[in-house]
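Protein chains: 2
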Amino acid sequence: MASEQWSDLPKWLPVAPGKLLPAVVQDAANHMVLMQVEVNQEALARIAATGRVHYYHPGKRKVVAKGEASGHFQEIVEIRLSCGGDQLLFKVRPAGGACELGYASCFFRSLTPQGWETADPKTFDPEEVYPEIAFSH
Amino acid sequence: MASEQWSDLPKWLPVAPGKLLPAVVQDAANHMVLMQVEVNQEALARIAATGRVHYYHPGKRKVVAKGEASGHFQEIVEIRLSCGGDQLLFKVRPAGGACELGYASCFFRSLTPQGWETADPKTFDPEEVYPEIAFSH
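Sequence order for the protein chains is G and D. Sequential numbering from -7 applies to the first sequence in this note's numbering. Sequential numbering from -7 applies to the second sequence in this note's numbering.
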C-alpha cells in the first residue's frame, strides 16, 4: 500500500510549521517534469497518509491534493531529497495530465525565436475535466 | 551559438528587479532532475549572454554560474515555461555532476523504510573538483 510505504515521511523529514519546501514532480515512467510546487508540514502528513501528491496552493492558501478537482491524482513511486535536505523530488504515476490547461506537464511551452510556443500535445479536454472553471477561447 | 540562441530570453520573460522564479534543471539526455534553483533578472541576463545556467545563490547572496568553481557548466538545450508563467525548466547538457558532494544530481538520496539512503553512484571526486572546500569523513 502506498499509504504505508510513505507513512514515515514526516519522521524522516521534520518540517517546522509555516515552512515551505520546493518540490519537483516528475513522471516516473517517461521522466517528464510535470510541475513544481511547495510542500509544508500538513502536505507532507497528507502525502504520508495517502501516498499521493499534496501541496500548498498559494492561491487557495491551503493544502490541496493534486487531482482533487480533476481526478488526476499522482501516486508517489519514489521520494528523493536534495543534498541540502530542503528540496524534494516526487517520482509519480499520474492518473492524468498535471496541467489545468489540458497538458501532461505544466511546462508545455518552449522558448523559440518567436517567443513561447506550445511544444506538447494536449492530453485531455480541460473543459470536460474542470467544468467549474470558465475557459476563454 | 548558444549565446545567440537564448539572447532574447529577458525580452520574452521580463522579471521585476528583486523577483525570484523557481527553475528546475534537467539533463536533456537522460532526463535526470539535476537541481532546483531560483533565477532573477540578472541570472536570466547572464543565461541569455552565455547559454549556460546561472542562478541566485542564497548563501552567497549573488548570481553565480553553475560550474564556476567545478567547471561543471550546464549548456542550455531547451527552456520551458510553466502554465503560470512564473516557473522555468532548463533542459541542459552538463559538463559534469551537478552536486558538490560528487553526484550527477543533487537528488541522490531516496526514502526507504530506514530513512534517506544514497541511491545513485558518485560520478566524480568532490575533493579533486572543489579543493577549496574542506570535506569531513
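Hints may be right or wrong, so weigh each one.
Copies of one chain are not kept apart here, so a pair can be met inside one copy or by any two copies together.
[To be verified] In the DSBU-like style, the derived pairs of lysine-lysine whose C-alpha atoms are separated by at most 30 Å in a straight line are:
#	residue 1	residue 2
1	K3	K114
2	K52	K11
3	K11	K83
4	K54	K11
Bear in mind the hints are in silico, worked out from the structure with no lab data behind them. It should be emphasised that the depicted structure is a prediction, and the values quoted were computed from it without experimental measurement.
Status of the hints after comparison with the structure:
1. Proximity of K3 to K114 under the C-alpha cut-off of 30 Å is restricted to the inter-copy arrangement: shortest distance 27 Å between copies versus 39 Å within a copy.
2. In the homo-oligomer, the alpha carbons of K52 and K11 lie at most 30 Å apart both inside one protomer (17 Å) and across protomers (21 Å), since each shortest distance falls under that limit.
3. Taking identical chains as interchangeable, the C-alpha atoms of K11 and K83 lie at most 30 Å apart whether they share a chain (22 Å) or sit on different chains (29 Å).
4. Taking identical chains as interchangeable, the C-alpha atoms of K54 and K11 lie at most 30 Å apart whether they share a chain (13 Å) or sit on different chains (23 Å).
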